[in-house]
Amino acid sequence: MASRPNTDWIPGLAKGMWLTLKTLFTKPVTVNYPLEKEIPVPRARGVIALDTDACTSCMLCVRECPDWCIYIEGHKEDIPPETEGGRVKTRAKLDRFDIDYALCMYCGICVEVCPFDALFWSPEYEYSELNIADMLHDKDRLTTWLETVPDPPALEK
Amino acid sequence: MTTINPITDVATAMHLSEASVSVELETPDMTLNIGPQHPSTHGVLRLVAQVDGERILSVEPVIGYMHRGYEKLAEVRTYAQITALVNRIDWVSGFANEIPFIVAAERLMGVEVPERAQYIRLILTELARISSHLIFTSSYPLEIGAATPLMHALRERERVLELLEGVTGGRFHPNFNRIGGVKPAAGSGSQTRKDVQDLPAGFLAETREAMQRVLDVCDDLDTLVTGNEIFRARTVGVGVIPLDKGIDYGVSGPNLRASGTNFDLRKHTDYLPYDRFEFEIPAGTNGDCFDRYLMRLEEIREACKIIIQAVDSIPSGPLQAKVPKIIKVPAGEVYVRAENPKGEMGYHLISEGGRMPYRLKIRTASFSNLSVLPWLLEDTLVPDIIAILGSLDFVLGDVDR
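Taken in sequence, the protein lines are chains A and Z. Counting from 1, one number per residue, gives the positions in the first sequence under my numbering. Counting from 158, one number per residue, gives the positions in the second sequence under my numbering.
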């Protein structure tokens with residue numbers, strides 16, 4: 001602190017105005033939002049995308065969610081044997097996968113616990129709604145977010 | 158008493174008006190409610206003040222408008238879920254809130270955290286400290302009447318928050334620490350598209366550059382605020398907390414150091430490897446509002462010093478210690494305290510061996526800092542309320558939790 005020159009003799013108003021004048025000629029850091037957009041970082045937690053093919057409706061995300069904003073319904077489906085006398089396979093079929101973004105607190109625990117890589121974070125943020133009921137994103141809407149999921153960023157070292 | 162006749166001549170009228178001036182005026186005490194919503198408070202606080210004219214007789218802060226019951230919620234949440242909750246206690250420095258809680262759980266489990274994870278925690282904690290202090294050093298002049306510093310400081314704070322977001326994915330609520338390290342690769346299956354949560358490329362270089370800009374904006378704040386005559390007139394000698402009073406009331410952090418001590422938990426405890434870096438603890442002399450402002454400005458500079466050293470010496474290695482998939486913390490009791498931007502934050506964690514804590518007591522800095530307010534505001538003037546209230550730098554989420 002001692003290394004800086006003592007400028008106490010200059011009136012505060014003059015110093016302040018000088019800084020304002022200097023800043024006047026610098027490039028603004030703000031963006032004109034609806035016309036220009038900032039690109040969020042790849043890891044930004046914007047919206048959760050769902051890969052319905054990977055989901056086995058195991059309910060892990062539902063149980064770990066701190067505010068219970070995920071709703072899953074599913075049923076078991078029999079796949080007939082391909083060859084005569086073969087075994088009947090069962091497969092989990094997802095009927096409903098809803099995330100209520102009005103409740104979600106964007107902690108990312110569901111993405112983290114998913115053992116089958118069915119959930120991903122997307123940095124997309126423009127999904128505000130006039131009606132709060134529309135914040136409940138269903139299976140189809142969650143799947144459309146999948147194409148906005150970016151590649152992970154390169155890592156340091 | 159004689160009846161007063163209608164005033165007929167000027168001489169009588171003047172005589173009467175002089176007489177009324179010389180009479181001692183009896184003014185009743187007035188109850189003044191400040192809040193629950195007031196522009197100068199960062200949250201919802203209500204002050205019930207008894208005022209005698211401009212002089213304050215007593216003040217009673219009414220808190221609890223933002224009570225969210227985190228201590229009780231923590232008893233029915235797993236450790237990973239609590240990490241997401243504690244972010245929201247002091248939202249101005251969300252990352253710093255996670256550290257003492259995670260360290261408390263790690264101590265009970267006996268987990269050794271890898272070096273690199275500790276350094277990442279340290280860097281991000283100091284970034285959170287800078288963002289918190291930049292908010293204070295710029296919004297405090299705003300409360301006193303200077304709007305310009307806020308624009309300058311928020312410009313650089315945005316850069317700091319972008320750094321935090323680039324690593325953790327969240328600007329305010331990082332939710333990045335896990336027991337045993339920092340957030341591992343999300344999901345345990347194939348990591349085809351999921352992110353391995355090491356630092357993103359270019360983070361270290363960007364941090365160095367951002368620290369330089371933060372130091373520059375500190376100089377700008379010095380120019381705009383520290384030397385400003387009006388700011389000094391409003392803050393120097395106002396709201397003095399003597400050291401012994403501060404200690405009695407449990408004031409901590411920069412508020413206490415402004416009174417002339419250099420007690421800092423970063424030097425006295427080992428929750429993060431601060432002992433490997435060279436930095437100073439600024440200490441004030443007067444304990445007034447101006448010193449409290451100055452402490453935070455100096456702490457930004459010291460935090461920049463720590464971050465630059467840490468960025469230069471960050472070791473490579475794993476980010477996560479070996480911990481079981483389902484975290485169960487062994488039975489026991491531990492108290493971990495840490496130096497948060499607002500002051501001392503502590504978590505008293507009692508576990509009975511389950512997936513959830515038995516009890517989690519949270520000691521937040523703002524709550525204790527606010528408790529000095531009734532004593533501090535006694536016998537001050539009404540305009541000084543704002544100057545004193547703002548200088549304590551509390552966040553209502555931190556008070557009520």
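Just so you know, not all the hints are guaranteed correct.
[Said to hold, decoys possible] Rough simulated footprint, nothing fancy, chain A against chain Z, three-plus residues with beta-carbon under 8 Å:
#, segment
1, 204 to 217
2, 305 to 313
3, 356 to 370
4, 375 to 386
5, 460 to 469
It should be emphasised that the hints constitute simulated quantities derived from the structure, not laboratory data. Glycine included, C-beta positions come from ideal geometry on N, C-alpha and C.
Hint by hint, here is what the structure shows:
Under the rule that three or more residues need a Cβ within less than 8 Å of chain A, the assignment of the segment 204 to 217 of chain Z is violated, with 0 such residues. Taking a C-beta to C-beta cut-off of 8 Å, the segment 305 to 313 of chain Z contributes 3 residues in contact with chain A, enough for the three needed, and the coverage statement holds. Restraint check on the segment 356 to 370 of chain Z versus chain A: 6 residues with Cβ-Cβ distances below 8 Å, three needed, restraint holds. Evaluation of the coverage hint for the segment 375 to 386 of chain Z: fulfilled, as 8 residues show C-beta separations to chain A shorter than 8 Å, against a requirement of three.
Only when three residues or more bring their CB closer than 8 Å to a CB of chain A does the claim for the segment 460 to 469 of chain Z stand; here the count is 0, and the claim is violated.
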